[in-house]
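S.K.: Using the hints provided, position chain X relative to the given structure of chain S.
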Amino acid sequence: MTIYYTSEHEWISVEGDVGTVGITAFAAGKLGDVVFIELPDAGKKVKKEGDMAVVESVKAASDVYAPVSGDILEANAAIVDDPAKVNADPEGEGWFVKLKLANAGELSGLMDKTAYEAFCATQ
Amino acid sequence: MTEPSKPLLKTPLHALHVKLGARMVEFGGYDMPIQYPEGIMAEHNWTRQHAGLFDVSHMGPSFLSLPQLGGGEEAHRKVAAIVEKLVPSDIARLAPGKVQLTVLLNEDGGIVDDLMVGRPPHDDQQGGLYIVVNAGTKDNDFALIQKTAGSDAELYRADDRALIALQGPEAEAVIAGILPDAVPLTFMQFRQIKDTPFGNVIATRCGYTGEDGFEILVPAEHAEAFAKKLLSDARVKPIGLGARDSLRLEGGMCLYGHDIDATKTPVSASLAWMISKGRRDRGDFPGAQRIMSELKNGVPSKRVGIKPLGRAPAREGTEVHSVDGQVIGVVTSGGFGPTVNGPVAQGYVDTSYAKVGTPVKLIVRGKELDAEIASMPFVPAKYKR
Chain S
1148 MTIYYTSEHE
1158 WISVEGDVGT
1168 VGITAFAAGK
1178 LGDVVFIELP
1188 DAGKKVKKEG
1198 DMAVVESVKA
1208 ASDVYAPVSG
1218 DILEANAAIV
1228 DDPAKVNADP
1238 EGEGWFVKLK
1248 LANAGELSGL
1258 MDKTAYEAFC
1268 ATQ
Chain X
35 MTEPSKPLLK
45 TPLHALHVKL
55 GARMVEFGGY
65 DMPIQYPEGI
75 MAEHNWTRQH
85 AGLFDVSHMG
95 PSFLSLPQLG
105 GGEEAHRKVA
115 AIVEKLVPSD
125 IARLAPGKVQ
135 LTVLLNEDGG
145 IVDDLMVGRP
155 PHDDQQGGLY
165 IVVNAGTKDN
175 DFALIQKTAG
185 SDAELYRADD
195 RALIALQGPE
205 AEAVIAGILP
215 DAVPLTFMQF
225 RQIKDTPFGN
235 VIATRCGYTG
245 EDGFEILVPA
255 EHAEAFAKKL
265 LSDARVKPIG
275 LGARDSLRLE
285 GGMCLYGHDI
295 DATKTPVSAS
305 LAWMISKGRR
315 DRGDFPGAQR
325 IMSELKNGVP
335 SKRVGIKPLG
345 RAPAREGTEV
355 HSVDGQVIGV
365 VTSGGFGPTV
375 NGPVAQGYVD
385 TSYAKVGTPV
395 KLIVRGKELD
405 AEIASMPFVP
415 AKYKR
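One line per chain: the protein sequences are S and X, in this order.
Each residue of the first sequence is one higher than the one before, starting from 1148 at the first, in the working numbering.
Each residue of the second sequence is one higher than the one before, starting from 35 at the first, in the working numbering.
Isolated chain S (complex conformation):
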């Protein structure tokens, strides 16, 4: 299992051709208390860097982009029911979707943990 990060503060953890996607702890901290989440339905196709989900805090709505292209396999209903899970455990229980990767080659443009942490330090 390898975890990759985007410059839009999504993470994707990959096992075989299935990726689990969420927003990073850094993003969750910046957003503040999450109060509403809109997730794509299973079966939906998403494109790398295209709109995938919406997360709303008290103050504002933010788009969440797909880190890679693929087909949505499952959306995490638990965070829709209890959006606070995203703040409590953004890189664990607060995952957004599982997707089937269309092209594993797209992962090579993403950051690893060290690179992402360095990137956050510049934000």
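Since the hints were derived computationally from the structure, they do not count as laboratory data.
There could be a bad hint or two in this list.
Chain S is nowhere near these chain X residues, computed Cβ spacing over 10 angstroms in every case [stated by the list, open to error]:
(1) Lys112
(2) Asp157
(3) Ser280
Quick list of in silico lysine-lysine cross-link-like pairs, DSS-like style, CA-CA up to 30 angstroms [unchecked claim]:
(4) S/Lys1177 - S/Lys1194
(5) S/Lys1194 - X/Lys119
(6) S/Lys1177 - X/Lys44
(7) X/Lys401 - X/Lys416
(8) X/Lys401 - S/Lys1247
(9) X/Lys401 - S/Lys1192
(10) X/Lys401 - S/Lys1232
(11) S/Lys1177 - S/Lys1247
(12) S/Lys1177 - X/Lys401
(13) X/Lys418 - X/Lys271
(14) S/Lys1232 - S/Lys1247
(15) X/Lys271 - X/Lys228
(16) S/Lys1177 - X/Lys271
Note that the coordinates shown come from a computational prediction; the quantities given were computed from them, not determined experimentally.
Note that CB positions come from ideal geometry on N, CA and C, so glycine has one too.
M.R.: Positioned in the frame of chain S, the structure of chain X alone reads:
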């Protein structure tokens, strides 16, 4: 509101906000705390349950004074007449020691700003008014008021003070130990309190949260000591502009530049209660012809509360549709109400859809969301009457 190149202004509490770990943002030309480390939700709930401290020094407190104070009723009527040239409320008949929320109007009856006007309690202060306007509009407002006053009165900008609000059910108990003379005030009363450990202050029983509370004007040099004294009480926490906005939205109050602006009149903004009977009878305020006609014949659209029925917030700019798909209005403020535990909004809709309970649709990210016209406030006010 501010050019990127223009340095942001700082309130006397700026260093304290930074020390408290606030996240700072630009608001009204000032570098202000949007939230502290606990976050908007916790700050909002704390204010509803205990007491929240808000730095509102970015706003525009001021004093309009005749050359000579004192002179009782006659002096008050004279200074009131100046302000009444700009507002539709009865300032002449304001009781001593009372503040009133009103609006500055342009010649077309459009709202230039909302503001507080206070009449001092004591005889020897008559001929003076305490006026507090909004941050982003204050330069224009002050110029307008001074121009209207001409040489009859002078407007003094209280830029050398900090304005600190303490809001919430425990605000009175906290203030009792620090400024006991403020406790007897009831909602929308104010008074000067001299020779406190924080200099001469003005305390007003008012706020922007729907909770009981006070706004206290203190000399800048005492501001940090005063704020620290309040914060040393375990019932008080610092609250940023984020929670200030969610609190006022639940309270059904207007934010200038969003819910009201120069394209709105007091009638369309559902603020006709500000237009006192005497002023209606005389028709002597700016834009009176239009506003009197609107009072008589109604307005095409008006400000209402809007309750999204699902969980998704509807933000400013969201289109409002009728159930049969016609565009009937727009959301002017919207977000999540932590006390309501759901989304809340206000906006303008065609008057024929403005009745409380009317079902409407909100167009959020291309989808129609169910909502209904709701009465405001969304959270009952708890003022000390």
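S.K.: Confirm or reject each hint.
M.R.: We went through each hint and held it up to the structure:
The claim that X/Lys112 is not at the interface with chain S holds, since no C-beta of that chain comes within 10 angstroms of its own (minimum 45 angstroms). Distance check on X/Asp157: its Cβ is at least 47 angstroms (rounded) from any Cβ of chain S, clearing the 10 angstroms threshold; non-interface status holds. Non-interface call for X/Ser280 relative to chain S: violated, since the shortest CB-CB distance, roughly 6 angstroms, does not exceed 10 angstroms. Straight-line distance between C-alpha atoms of S/Lys1177 and S/Lys1194 comes to about 25 angstroms, which keeps the hinted pair within the 30 angstroms bound.
As the CA atoms of S/Lys1194 and X/Lys119 are separated by approximately 60 angstroms, the hinted pair breaks the 30 angstroms bound. Simply put, S/Lys1177 and X/Lys44 have alpha-carbon atoms about 23 angstroms apart, close enough for the 30 angstroms limit, and the pair holds. Distance restraint check for X/Lys401 and X/Lys416: the Cα-Cα separation of roughly 36 angstroms exceeds the 30 angstroms cut-off, and the hinted pair is therefore not satisfied. Taking the CA atoms of X/Lys401 and S/Lys1247, the gap is about 27 angstroms. The hint holds against a cut of 30 angstroms.
Taking the CA atoms of X/Lys401 and S/Lys1192, the gap is about 19 angstroms. The hint holds against a cut of 30 angstroms. This hinted pair checks out: X/Lys401 and S/Lys1232 have alpha carbons roughly 25 angstroms apart, not beyond 30 angstroms. Distance restraint check for S/Lys1177 and S/Lys1247: the Cα-Cα separation of roughly 28 angstroms lies within the 30 angstroms cut-off, and the hinted pair is therefore satisfied. The straight-line distance between the Cα atoms of S/Lys1177 and X/Lys401 is roughly 27 angstroms, inside the 30 angstroms bound, and the hint therefore holds.
With a C-alpha separation of about 21 angstroms, the suggested pair X/Lys418 and X/Lys271 falls inside the 30 angstroms cut-off, and the hint holds. A threshold of 30 angstroms between alpha carbons decides the hint, and for S/Lys1232 with S/Lys1247 the separation of about 24 angstroms falls inside it, so the pair holds. Between the alpha carbons of X/Lys271 and X/Lys228 the distance comes to roughly 26 angstroms, so the proposed pair stays at or under 30 angstroms and holds. For the given pair, S/Lys1177 sits about 21 angstroms from X/Lys271 by alpha-carbon distance, which is consistent with the 30 angstroms threshold.
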